[in-house]
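Asks: If you read the protein sequences in the order shown, they are chains A and B. Each residue of the first sequence is one higher than the one before, counting from 31 in our numbering. Each residue of the second sequence is one higher than the one before, counting from 41 in our numbering.
Quick partial rundown of chain A residues pointing at chain B, CB under 8 Å, derived from the structure: (1) K105; (2) A127; (3) K272; (4) Q423.
It is worth saying that the hints were derived from the structure and are not from the lab. Remember, predicted model here, so these are calculated numbers, not experimental data. We put the beta carbon where it would ideally sit given N, CA and C, even for glycine.
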Amino acid sequence: MKKIPLLAFVLLIAFSGSLFAQQPVKLVIAGRDGDYGTGMQAAVDAYKVLHPEVTFEVLKLSGDDIYQKTVIDLKTGTGSYDIILIDDPKALQFQKAGWLADLDAIYKKSGQKVDADFFPNLVNLCRYPDNATGKLYALPFIGNVSLFAYRTDLFAKYGLKEPKTWTDVLAAAKKIQTGEGESVSGVIFRGVKGNPIVTAFLPMFWAFGGEIFDAAGKPILNSPAGIKALNYFLELAKYAPKGTPMNNTAQVRDTLLAGGAAITPEVWPAWLGALNDPAKSKVVGNVKVMAHPSEVKASAPMLGIWHVAIPAASKNQAAAFQFFQFLTSKDTQKLMAMKAGLPPSRASVYDDAELLALRPWYPAVRSALIAGKARPRTTVWSEIENILGGSLQEALIGDKSADQALNEANAAIAAILQ
Amino acid sequence: MKPSGRTRGKAPFYWLILAPALAVMLWLTVYPIVNILFTSFQSYNYLTDARHWVGIKNYTDILGDRVFIRSFTNTVIYCVGTTLFEVSFGVILALVFYGEFRGKSAFMIMAIFPMMLSTMVVCAVWKTLYHYDIGLFNYILKSVGLAKIGWLIDKDKALISLALVDIWQWTPFAFIVMQAGLSSVPTEIFEASAIDGSSYRQTLFRITLPILRDQILLLLLLRIIDTFKVFAKVFALTKGGPGNATETTSYFIYREAFSYFKLGRSSAASVITLVAVGLASIYYLRKILRED
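Next comes chain B alone, as it looks inside the complex (with noise of 0.2 Å):
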């Protein structure tokens, strides 16, 4: 529909109320990306102020880096894990409380507590727990006559932990979005299936979860882009160890910009996850808004 003459006439207008919003979006959005890719062409020292142009040489040499791909498979293998795993407790438990019961109430608030905490206090917490030799998960497990679990020193099993963690804390998240969602429907659906004589199954598979779909995708679209950035968990609880087992694309980028101050290398990593966080977020976008 083509704007009309008045509307026209009001343009300038629009753009002047516009104006201070899209300043400061484009200093604080659009002018650090630009900075960043910029920077991420250069081999610039933020201690020793040396900084000349350097190509594609960042890419390359952070291409080739172990720790760097071994911190972006981790990321991946994290970021799909977790989402999944967060994404589908939380569906089943909002299936689970559905509908009314006493207690309920209750029962959300104590539901989303895990959320309400600091990350760092929940590492705290978390770390003493999964102490080798002085924490209660081996603790349990010794008094069972189970082997003690390296939690957080086996190379194999230190990204599960820091993964578990995510999925207590966010958890609740999913099944809050999932528990509105499903509250958003009219019960005159489910009444309707169920006089058809659908079956519990049937109704979950044909109704239900179709009618969920968006918001089953916004939800792997919006733990996608914050497991992607997992930062804290890392830094709390393992520091990238033990060797390079934890090691995740945000705390690499970390330890380049603000251990070493090498800007260059840091912002090309910055700009490889950006892309991988962006292609991940269009996939689902488009899957989102192509059925709108």
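Isolated chain A, as found in the complex (with noise of 0.2 Å):
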């Protein structure tokens, strides 16, 4: 009989322990490789101090593999992961299949509200419909936007100013590399088929007054305005590296901190970690970042934002959002952008005095994130993207004019979105 207190005094001991410690909990990841990596291992391991109790299997995937596990995880409802992430122009399917979990309906029951410090017309793009009224499904993840940077240097070397207009820009960089000869080439952009170089003529076909759709969605490619702007952009790659057909991030950002090239019509925050630091660049002090110049239509940065999202199907949804919230703080953002260069989706953090110090392009970010355009709504982006990059590419190794490669482009993605 005596030890019936003594088992009683345990079994309460054991119990109060499990009801009063937090549950360990595991959060599952879906995030990118690369720098996007790098930024969310750090905001993961500053939420592991903060929260021992939850651990983290954290998948850094390539872009493509992102988006097709993604896909086939949340379509099956298995809940394999608690948060993810998504590519802008992919975003919609996710939001239309009610993939994602209702963030208006958690920030509700939390008692909260979305911070209004998010630049206004991304949170817009999680939103679907895509407006300010529509239910919110994600939240900027990075305020990722599409630059423009020049050498300084080899500017006031050829008496050139700050080019205004895309005009400017050929001008420039025929001027520049026929006084450097083959050291230094005019242009660098990416020119590999599919996303890549889609991505490098967006901002040019825009100022050029190019559309993808017109109002009604019909396919508006081929426009006199498209031909313009693809004439353009083939005279301007005439001063870019031979190999630009396989010219992708890498060879970009490197040639560019090599000081290889004078012009880089399309640079990406994340890639430029590393340009003032003297022992990865030769350019310190000598680039300008800026938004795209001008045409016909005013600069047209492309937003190219990755939403974070919690899956409807996550098993662990509180744990979830709380990491959620979190990870799109404002002290989070600074730390992702201190530590990988990723540009924050908060337009306070541009304000951070340190943070300016060591990405001393932040404003133009801004600038770019308020002026930037986003890419077409649509379910099948992925197949726009890959028949128009194959015609560019096309185009761009001299197998069609300007006008063969986009009538064919306008032509095959009419036939997809019939």
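Combine both chains into one complex, guided by the hints.
Replies: Below is the structure:
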């Protein structure tokens, strides 16, 4: 009988432990590789210090892999992931299919609101339908936007002013290339088929007045403005390295840092992390980063944000939401910008003096984010990008003329939309 | 020969022990093939779950799709080219290195090294070597006063460049298979032909190659099956570019299935590829088995 009180005491201790201690939970994140992975890992490490009961599995996947894996998992409702990243042009598919948790409802339930500090145009992309009143399914993980960079020392050497228009850019590229010979290319951009070449082309296309769809959703890539833009692109490519059709992020970034090009018409904030590091860059203090030049239309930087969302099928939605708030907080946005060069999606972080000292081009990022243009909201963007990317590359290698390439791309895109 | 009564009596037992393996095979091989065949007659968008019967429309669409036709043509050219080169080089190397010599073991290990590497790693290295502006090959060409070559950016050379990587990686396989075949031939045959005054050429074409015929056919079959499925090299080196110069059927299927999630079209393309590889396999298998 003496053993009964002892047993009761042991059970009480055991139960009280399980009742009052925080339950261990494991969050699985379908994240990106490269700098995005570094940034996410920094956020996860910081969170684990505050919440040791939470463990993480961070998947660092390529753009293609993350799309395939998340689509298959979310479609089957398996609930393998608790936090996912989605590339902006593919977000509509996820929103439309109802695969994502309704964040408005979760915020409401927790008695909180989405902070007004996020750039409103970016938050609107995370709503479905895409406007200020649609339901919120994600928040912008980072404020990624395409930018323009040029070498101030070379422009000064050749008596050139900062380019205001794409016509100025072409003239500068020609003059510098002629003067520098093979040692420095006039321009460098990505020419790999698919997303890279499309992303390089779109800011020019938009500035020349080109549009992918008209107001009725009909493809109009081959409009006179579109063809003029592609002819300009091909003219500009004459001052790019011959290997451009093979050039992707690594080649463009490394050439920029090595001082091998005068103008980089497409740079992304995450590529610029080492720009002012003398150990990695030969152009410290000699590169100006700015929003794209204009032409017949105003500067049109391309928004390339990644959405962060909680799948509706996640089995740990409460814990995921806690981490989600931490990930999108001001402090974590700054941490990811400092550690990995990921541009914040909150406006106030761009006022941080410490961050501006490290990333002096951030005011240009902020301007570009405000003026930025998103790719069309469609569920078939992968196909459009592949068709257009293939045609652009065929034009780049001289296989097709500008009008032939865009006429064919337009017809193929019209066919898939039927 | 008819089975004896005793064997017939044990048939249920044999079926019982075979059943698990048979079930796994049906599930992993037969079911997917039947499913793909069935899906190939449907318009099936995995993203939206829209699925309906369209008969042979996927086949007619694909056979009228210039990208698929280009993919198929490229695949056949790549497959035939790489297979012929790999098997020919394999036979030549096996003949050159026939017999015992000092350092043979070390040489064999070095020879199989390319096969042991991951294709993605191999492609990452070759991609750098092939780069027009910073690649080693063009650096060498330029340093000896020759013009640079657009290995992966010239639409007329890109497929050949992909094939060269495959030939580099898989010729050692052909070499090893032929080496093993050659080693299994009794040396007395060659000694006897030498005593009879046969020249090297006569021995090669009248004795060695006829004896190795089955191994060569098997090698052709294995390399055709493998090279027809080429995917990783295209994915890692060119993404099907420049233009559509290196599009292949596997890459086409991958894009339709995992970028667009159009499973009907990708299934139809898979069936066409399967039929092509199947026909080639049957041709070679019949040739091999006919002799047996």
